[in-house]
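Here's the letter readout for the chains.
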Amino acid sequence: MGWIVFALAAWALGWLLNVWLARQPVTWWSSLAAPVIFGLTLLAVWEGVVRGFEINQVLLPAPTAIAARIGSSADLLWADFAQTVLKGALSGYVIGCGAAFLIAVAVDRFPFLQRGLLPVGNFVAALPVIGMAPILVMWFGFDWQSKAAVVVVMVFFPILVNTVQGLQAADAMQKDLMRTYAAGYWRTLLKLRLPAAMPFIFNGLKIGTTLALIGAIVAEFFGSPIVGMGFRISTSVGQLTLDLVWAEIFVAALAGSAFYGVMALVEQRVTFWHPSQRN
Amino acid sequence: MRRSVVPVLTVVGFLLLFWYAAAVWLNAPWAYNKAQRAGETLSFSQVVADTWSQKKPRLPAPHQVAREVWETTAQKAVTSKRSLIYHAGVTLSATLLGFVLGTGLGILLAVGIVYNRTMDMSVMPWVIASQTIPILAIAPMIIVVLNAVGISGLLPKAMISMYLSFFPVVVGMVKGLRSPEAMQLDQMRTWHASRGQTFWKLRLPSSMPYLFTSLKIAMAASLVGAIVGELPTGAVAGLGARLLAGSYYGQTVQIWSALVMAAVLAACLVGIIGLLQRVMLRRMGMS
Chain D
0 MGWIVFALAA WALGWLLNVW LARQPVTWWS SLAAPVIFGL TLLAVWEGVV RGFEINQVLL
60 PAPTAIAARI GSSADLLWAD FAQTVLKGAL SGYVIGCGAA FLIAVAVDRF PFLQRGLLPV
120 GNFVAALPVI GMAPILVMWF GFDWQSKAAV VVVMVFFPIL VNTVQGLQAA DAMQKDLMRT
180 YAAGYWRTLL KLRLPAAMPF IFNGLKIGTT LALIGAIVAE FFGSPIVGMG FRISTSVGQL
240 TLDLVWAEIF VAALAGSAFY GVMALVEQRV TFWHPSQRN
Chain Y
0 MRRSVVPVLT VVGFLLLFWY AAAVWLNAPW AYNKAQRAGE TLSFSQVVAD TWSQKKPRLP
60 APHQVAREVW ETTAQKAVTS KRSLIYHAGV TLSATLLGFV LGTGLGILLA VGIVYNRTMD
120 MSVMPWVIAS QTIPILAIAP MIIVVLNAVG ISGLLPKAMI SMYLSFFPVV VGMVKGLRSP
180 EAMQLDQMRT WHASRGQTFW KLRLPSSMPY LFTSLKIAMA ASLVGAIVGE LPTGAVAGLG
240 ARLLAGSYYG QTVQIWSALV MAAVLAACLV GIIGLLQRVM LRRMGMS
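Taken in sequence, the protein lines are chains D and Y. All residue numbers for the first sequence refer to numbering that gives the first Met the number 0, where the first residue is 0 and numbers rise by one. All residue numbers for the second sequence refer to numbering that gives the first Met the number 0, where the first residue is 0 and numbers rise by one.
Certain hints may be false.
Simulated restraints on C-beta separations [said to hold, decoys possible]:
id	chain 1	residue 1	chain 2	residue 2	range
1	Y	K174	D	F271	21 to 29 Å
2	Y	G38	D	A81	45 to 53 Å
3	D	R186	Y	Q45	47 to 55 Å
4	D	R186	Y	A27	39 to 47 Å
5	D	F271	Y	V46	54 to 62 Å
6	Y	Q45	D	R268	52 to 60 Å
7	D	M172	Y	W18	39 to 47 Å
In silico contact screen, one side only, chain Y against chain D (beta carbon under 10 Å); selected entries [stated by the list, open to error]:
id	residue
8	V5
9	T9
10	L25
11	R57
12	D119
13	M120
14	S121
15	V122
16	L222
17	L230
18	A261
19	A262
Computed list of lysine-lysine pairs in BS3-like fashion (alpha-carbon distance at most 27 Å, straight line) [what the hints assert, rightly or not]:
id	chain 1	residue 1	chain 2	residue 2
20	Y	K33	Y	K55
21	Y	K75	Y	K54
22	Y	K215	Y	K200
23	Y	K80	Y	K55
24	Y	K215	D	K205
25	D	K205	Y	K174
The set of hints was computed from the structure by calculation and includes no laboratory data. Don't be surprised by glycine CBs; every beta carbon is placed ideally from N, CA and C.
Using the sequences and the accompanying hints, generate a full structural model.
Rendered as structure tokens:
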């Protein structure tokens, strides 16, 4: 009973604190504090509910149990992280984004191909591409190469479509100006059209970060060596050690947020001139 | 629209050519292997013919997939477990349920975020952060846990679809509900409109274009969620189960036909929303 009261009190306290924060003038710390308080409140409620209703640890472990598990099996988590994120997701992300970018620049020279490729690319980007995973695992074996291949296929089309669209973003007046400077194709590309395309390209890159992690993890469900986050999740679910599953999810969430955050930071540096970056 | 038909067909044709070539390239080792054991030598045309008609090819040729799709849709009873339509139906029901739940949740959250500053400040960042979590990764756990508390069948899969589809709806609706300009909001105020009237007569109608765009994304995401949600249930029914079973038994043609079915399903669902969008926006005078 005490824990349920604790959960209710935590919820009320957190909410009141945020209501108070919302009434204050907005500063950078209050816009940071509000979501942090909300997150901590959720954790406290979770802990209180699990303990108060005595929910079986097999069904839903308490946050403290998960934290303890993260501390005790840090080595295991690191090995899984290195296998799935560093080897599988990152290498696939780099190859996929690089290939899509180069092909987009090449396609851009031929308006005919562009008109044909954009609808097809948009269509494929909406397909459940993740279904390719079993095929690619069959082709490239169980190790990280097949995971990287899945990631390549998943990130390829969003980046391709965004880059092709971005390369059309420079307007006619700017292109005319480049022509009056007697700039050739390459110089126009490097100095005008690629910089103008950057907001679009980063949009694709940011979408790609989450897709890359999802692809690498789900591909492991179809076969993997005995290390990796997807492997650990599916086997731990089978053994009902859900605290380990939650620990993996925590690592995945951390990696996903960090990956996204890094891309957003780079975007801020590269496209500082864009209206959406100048508040 | 019409001027892009020829380029699109060209690109599709090119992709098909590439597919046939890749089939030859990937399946050739097996063809040579077979011929060697039989003590024969193969001419080039024999190799090509063999690579396009193997039983368990590494990459089935398009016509093999087309035949499999035809056999498992048109030539089987819909209720048969071998019918692809039956499996697509299982996936479709989870997709639609998840889509409806996700859209409902998304719209409610968006209204809360637009009308409540506290929610805007504290919930909105978490909505965005929630999508950096590879949710598909915990699909197996959600399904096992929900099974343990007695919820099984459609709902666990729909939950995963819901989680994936609520996000685009929240983001799109928040943008859409905030899209009326200050001038329009002032106009409502001069008419002494209540908050409810402003919502129903101004904010909601002007959010419709945003809503439909996000619905398309949500539908595609919902289908992915349903397919992945079917993987850990042990390949019982649904397109995801077909994928998994095909990958266990090396039935590549079956995997590809399930993929084609999923693609057709996605295209139909997104197309229906696109059609609704066109009709609705035209009747509202917004297109």
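Point to revise | Violated constraints from the hint list, given by number and in increasing order | key: none
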